[in-house]
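Enquirer: Line by line, the protein sequences give chains A and B.
No gaps in the numbering here: position 105 of the first sequence is 102 in my numbering, and each next residue is one more.
Counting the second sequence from 1 gives a position; my numbering is that position plus 1.
Any given hint might turn out to be false.
With a Cα cut of at most 30 Å, we get these calculated DSSO-like pairs of lysine-lysine [unchecked claim]: (1) B:Lys21 / A:Lys11; (2) A:Lys1 / B:Lys28; (3) B:Lys28 / A:Lys11; (4) A:Lys1 / A:Lys27; (5) A:Lys1 / A:Lys46; (6) B:Lys21 / B:Lys31; (7) A:Lys46 / A:Lys100; (8) B:Lys82 / A:Lys1; (9) A:Lys98 / A:Lys46; (10) A:Lys1 / B:Lys31; (11) A:Lys11 / B:Lys31.
Taking CB as the label site, the calculated pair distances span [as the list claims (entries may be wrong)]: (12) A:Glu148 / B:Thr15: 14 to 24 Å; (13) A:His113 / B:Ile16: 17 to 27 Å; (14) A:Gly42 / B:Ala198: 37 to 47 Å; (15) A:Tyr15 / B:Glu74: 19 to 29 Å; (16) B:Asn11 / A:Asn36: 25 to 35 Å; (17) A:Gln16 / B:Ser210: 42 to 52 Å.
Simulated from the structure, these hints should not be mistaken for lab results.
Please read all numbers here as calculations on a predicted model, not as lab measurements.
Glycine included, C-beta positions come from ideal geometry on N, C-alpha and C.
The residues making up each chain are set out below.
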Amino acid sequence: MEVKDFRTRLQAVKIQFYQFQSHAINSLAKTLILETMHNRMRDFGYSDKIIQGTAIAGVDVISARRFRIFFHSEYFGYNGFDVALAREKNGTVDHIVKPAKKKALTSDGTWFSKGHEVSGIIPSHIIERTLDEIAEPFLDEYRRSERSWLEQNFGGTAIIAI
Amino acid sequence: MPFDDFVDLNADLTISDLEKLDNLAQKAEKRLENLKKRGGIFSTSTSNITSGNKAPVDFVGTLPLGKQDKRIEKTIQRLTKKVEEDVVKNLGKDREGTLSKILGDDVGRTLFSIGKNPVGFFTNAIIGATGAGFAVQIAQFVINEIQRVDTFFKAFVDRIDNRTNQLKNKEIQARIAAGLTQEILTTESGNVSARDAYNTFNEFNSNRSKLEDDFAIRNTSGYE
Chain A
-2 MEVKDFRTRL QAVKIQFYQF QSHAINSLAK TLILETMHNR MRDFGYSDKI IQGTAIAGVD
58 VISARRFRIF FHSEYFGYNG FDVALAREKN GTVDHIVKPA KKKALTSDGT WFSKGHEVSG
118 IIPSHIIERT LDEIAEPFLD EYRRSERSWL EQNFGGTAII AI
Chain B
2 MPFDDFVDLN ADLTISDLEK LDNLAQKAEK RLENLKKRGG IFSTSTSNIT SGNKAPVDFV
62 GTLPLGKQDK RIEKTIQRLT KKVEEDVVKN LGKDREGTLS KILGDDVGRT LFSIGKNPVG
122 FFTNAIIGAT GAGFAVQIAQ FVINEIQRVD TFFKAFVDRI DNRTNQLKNK EIQARIAAGL
182 TQEILTTESG NVSARDAYNT FNEFNSNRSK LEDDFAIRNT SGYE
């Protein structure tokens, strides 16, 4: 490749660079991190409402080299109880679950209970653990896609190659 | 209060790196343009080699490569003849015998000695062959004549260097395979994390058979 040709391709790379970064970070964060979180939540028995309420909140550019990807998990019960937070971080103690309407727990017209005592939930730390575990593979995958993108743009010539 | 968390991503490549690369490429482009103006090997595009029938030009930039080769060959022949004639004039009637005494039978070792110390080699060789007191002058004359055929002289000195490098390579290969020397392969920019780099010490500890295979002593010199 001649220098002139290389420079022409380099201009195209420079123009598309931010677009590539934005696309790569968002798509990799979604496929690698968020989907893993959702799968783990499903395996752990989370309700679909919590799973749907867990999403990428945004990407901040901290510096030219550093990006921060935020994840947000939110689901409030009917009385304002933060279920997502309890599932992830706080957990709950054993507690009684009562129906909103009196004598709702009937069977064949026979009222059998005011409510049930249920055991508390253990905090799963799924989001925290997933981020800890996947941070490095995520970075590797980003670098790999960056290399592959550069190779495509420079016609098979890698700028950075191990 | 919902739960929030984040992960950081540290990218290797930034737009400023691309700018730097662009500046370097711009400088290279200007430099090439200047070289083209001067003539020589850069005076036409290298794409001629593959795209058309036009032959690549020579170092001077005026003749096709084949003709230039012949011209260099003729120059070398003429100078070699001159060297032989002049040396032989000073060395007596037994021309062939004297020259073979100077160069000796072991041509490889001879070339190696010439590459290391040309004047010393010829002086000793001529003293050995003739016992002449003017050996230094003759040696200097021979060296001057050889150095005039500059490309030839450089080529065989490079060849000798290359052969000694091959020996060094073999030694390094053996030392790496034995875990005595560390080689770390990283990116061109050098800023790859340690986890991505290829480290022979790590390979020695974790996967010795692979390391031995990677750095098995191979003859890469082109000579059997």
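Enquirer: What hints, given by number in increasing order, does this structure fail?
Expert: 4, 5, 8, 13, 15
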